[in-house]
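*Asks:* As a plain string of letters, each chain reads:
2 protein chains.
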Amino acid sequence: MVESKWPLLSVEEAKRIVRDQVRPLEVVEVPFDRAQGLVLAEDVRAAEPMPPFPASAKDGFAVVADDTTEWRRIVGEQFAGYQADLRVEPGTAVRVTTGAPIPPGADAVIMVEFSEVRDGFVRFRRRVEPGADIRPPGQDIAQGQRVVAAGTVLGPAEIGLLATVGATAVRVYRRPRVGVMSTGNELVQPDEQPGPGQIRDANRFSLMAAVRNAGAEAFDMGLAPDTLEALEAFVREGLEKYDVIVTSGGVSMGELDLVKPLLERLGTVHFGRVSVKPGKPVTFATALGKHVFAMPGFPVSSLVAFEVFARPALLLMAGWPAERVERPRVPAVLDHDVHHTAARTEYQRAVVRFNRDDGRFHATTTGFQGSGRLLSMVGANALLELPEGRDHFRAGDVVEALLVGAVRT
Amino acid sequence: MVESKWPLLSVEEAKRIVRDQVRPLEVVEVPFDRAQGLVLAEDVRAAEPMPPFPASAKDGFAVVADDTTEWRRIVGEQFAGYQADLRVEPGTAVRVTTGAPIPPGADAVIMVEFSEVRDGFVRFRRRVEPGADIRPPGQDIAQGQRVVAAGTVLGPAEIGLLATVGATAVRVYRRPRVGVMSTGNELVQPDEQPGPGQIRDANRFSLMAAVRNAGAEAFDMGLAPDTLEALEAFVREGLEKYDVIVTSGGVSMGELDLVKPLLERLGTVHFGRVSVKPGKPVTFATALGKHVFAMPGFPVSSLVAFEVFARPALLLMAGWPAERVERPRVPAVLDHDVHHTAARTEYQRAVVRFNRDDGRFHATTTGFQGSGRLLSMVGANALLELPEGRDHFRAGDVVEALLVGAVRT
Chain R
1 MVESKWPLLS
11 VEEAKRIVRD
21 QVRPLEVVEV
31 PFDRAQGLVL
41 AEDVRAAEPM
51 PPFPASAKDG
61 FAVVADDTTE
71 WRRIVGEQFA
81 GYQADLRVEP
91 GTAVRVTTGA
101 PIPPGADAVI
111 MVEFSEVRDG
121 FVRFRRRVEP
131 GADIRPPGQD
141 IAQGQRVVAA
151 GTVLGPAEIG
161 LLATVGATAV
171 RVYRRPRVGV
181 MSTGNELVQP
191 DEQPGPGQIR
201 DANRFSLMAA
211 VRNAGAEAFD
221 MGLAPDTLEA
231 LEAFVREGLE
241 KYDVIVTSGG
251 VSMGELDLVK
261 PLLERLGTVH
271 FGRVSVKPGK
281 PVTFATALGK
291 HVFAMPGFPV
301 SSLVAFEVFA
311 RPALLLMAGW
321 PAERVERPRV
331 PAVLDHDVHH
341 TAARTEYQRA
351 VVRFNRDDGR
361 FHATTTGFQG
371 SGRLLSMVGA
381 NALLELPEGR
391 DHFRAGDVVE
401 ALLVGAVRT
Chain P
1 MVESKWPLLS
11 VEEAKRIVRD
21 QVRPLEVVEV
31 PFDRAQGLVL
41 AEDVRAAEPM
51 PPFPASAKDG
61 FAVVADDTTE
71 WRRIVGEQFA
81 GYQADLRVEP
91 GTAVRVTTGA
101 PIPPGADAVI
111 MVEFSEVRDG
121 FVRFRRRVEP
131 GADIRPPGQD
141 IAQGQRVVAA
151 GTVLGPAEIG
161 LLATVGATAV
171 RVYRRPRVGV
181 MSTGNELVQP
191 DEQPGPGQIR
201 DANRFSLMAA
211 VRNAGAEAFD
221 MGLAPDTLEA
231 LEAFVREGLE
241 KYDVIVTSGG
251 VSMGELDLVK
261 PLLERLGTVH
271 FGRVSVKPGK
281 PVTFATALGK
291 HVFAMPGFPV
301 SSLVAFEVFA
311 RPALLLMAGW
321 PAERVERPRV
331 PAVLDHDVHH
341 TAARTEYQRA
351 VVRFNRDDGR
361 FHATTTGFQG
371 SGRLLSMVGA
381 NALLELPEGR
391 DHFRAGDVVE
401 ALLVGAVRT
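Which chain is which? The protein sequence lines are R and P, in order.
With our numbering as the guide, the letters of the first sequence map in order to residues 1 to 409.
With our numbering as the guide, the letters of the second sequence map in order to residues 1 to 409.
Incorrect hints may appear among the rest.
Since the list gives no way to pick out one identical chain from another, each pair is judged satisfied if it fits inside one copy or across any two copies.
[As the list claims (entries may be wrong)] Mimicking SDA-like on lysine to any residue, the simulated pairs with C-alpha atoms at most 20 Å apart in a straight line are:
| no. | residue 1 | residue 2 |
| --- | --- | --- |
| 1 | Lys5 | Val117 |
| 2 | Lys15 | Leu402 |
| 3 | Lys277 | Gly151 |
| 4 | Lys241 | Gly405 |
| 5 | Lys5 | Glu113 |
| 6 | Lys277 | Glu113 |
| 7 | Lys280 | His270 |
| 8 | Lys241 | Lys277 |
Calculated from the structure, these hints are not laboratory results.
Make a model of the complete structure from these sequences and hints.
*Replies:* Set out below in structure tokens:
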């Protein structure tokens, strides 16, 4: 009998090997406004408090709160952006705009909505407590406070905070550069008409999109050459240029499957088979100091194997904290029977909705789950993880759902 | 009394006005591999079935299923990528690789794992049914089938499908171009040291990041000039260049708030106040055929108002189906008391987790909810929508949570 030389690992074993092998890439300094989606490598603190001065929270009048004068004299205007030479005393008020420094002597702001102005005097329809509508220095950020912690993925709010404290150059983990290639003599380019026995390459383009969705840079390496010598030169060049190579096809047991032997010669194949469906021949190797994820050739297999094994690796390389790299998992009630064989962990594509009526997540799979049927991924927002060791599931059974897109409601 | 001239709209009224005013941008043709994240404007169908020929699903041997010969003669090899001139008859087998066309005469494939080869003959450890491991033409995609529907946001699987069917140029809605500016005399650039009464501009950068997160292109218009004439020229230029302008500051009632009067002069202000906290002065206008979202100056107010009013508009302009532009809503149990005043709909920033033990979502707010405290948005994956008409909420109360990030578990 022909036996595979590669031991069949469980999904958890394979994922652990990936986690153990990958490390965050080096830290680089980038302009803060080019850092969106990157992970901060060191804490950023505020050198000054925010606001840096007592500031008006509203448009209105700076006053002495317990002043009982009915008509107070308006002694000037303090707009935002400078410090006027004004002082507020009982019987007086200073017109202020939102964000303006509070003039000395004032201890409250009364909103313009509650004011009536006549001949340079103002009276108010409302009394206020001391401190009203004044933002004290440091109310939002204390001096020296950490505003963004190392390990944070930088989004809109964090980028605003970096601007606020003047952290215009930030140290972040570099974005992984990922070369994506396809192998298979049957493949032609998408703009070519396939001849007899040929099909168009799809994996390279879907995998590049998945790489970009993981926040990494994708580079098109093209179709691999079909002789061992040419393939070796091609892969070596990729390993020099990129942090990771993602390839598909050429990892199962056929005689033309050149990828695994080549990876063995160039480095270490950490695993070559995983007890997973789809994606059993998924291969992970390190060669010339770079990582290679060699995916099966079927379109669904390659995308699911990318999702399960490669995506967490790319996030770890980008500096994401380990506890953030896995997709959220929720229990979901099956809306119909699901065929499954106990031999392997299976990931079925599904739409998961949160049902307000019963307060539970419900899952419906996306039709025929064949490894070649990319249509089974269209519209799916979840992968149902059907475990080894149990056959079949019935409508009403609860399974684990990995949310790969927004929850539907 | 000074009264605002702008009626105070409810959040729902304001959102309806936005929905009514915006339209999808024009349809453009782009290369399929540049279309990630864009919305398809017309159905794409398959001209040919997939697979286009009966194909082997495995590496192995093409055989006649009910052939009882023990040792069958290997009459040749049919690899993927071409059509060999071979025929399978009882007593013979053809070596095939995954994806290879099935030679005429064969009606099943037996996996290489179950084969034993000796002197040009093969015997099998397993019998198979007719059809085994053969992918019939059209199994994955039928000829003429719609593979990606108009209105689909193109992700990795869809891009793979476009490649598969050779749809290398696709018609999609154009990505909105959004100019982002800040107003306020107190603002300096992030790399400048603020003088007395000054602060660094943060909103422009956080709003540009939020624009990009919504899939649109963000353009930095810089800080607005502070005279009405210069501001008008500046805004006019932006309206010529971009589909949308997002600005912050200058929309409340102070005397230096120039934005609303200017927008009234240039076009139509659809609303100028909304009963929402934070973000009450949020303004939406159409001028010279373009849309303007004028946000309040406080950093949290501007980001929350963007999230609630502008983000859905940008998605609609990008061709997203109306039912997809709102964030998923789930009921969440408050883990602590929440102070709220009944006068306005309030959006509090929170971390929402799904708790497996009780099967419910739980919400914890992110500390002091001041409009200036951008830190209240850090780590938040949800906005809690606290409705008008009800004061205060207690621990254990259930509120509506809008999921703006991944669910925590």
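*Asks:* Compare the structure with the hints numbered earlier in the document and write down the numbers of the violated ones, lowest to highest.
*Replies:* Violated: hints 3, 4, 8.
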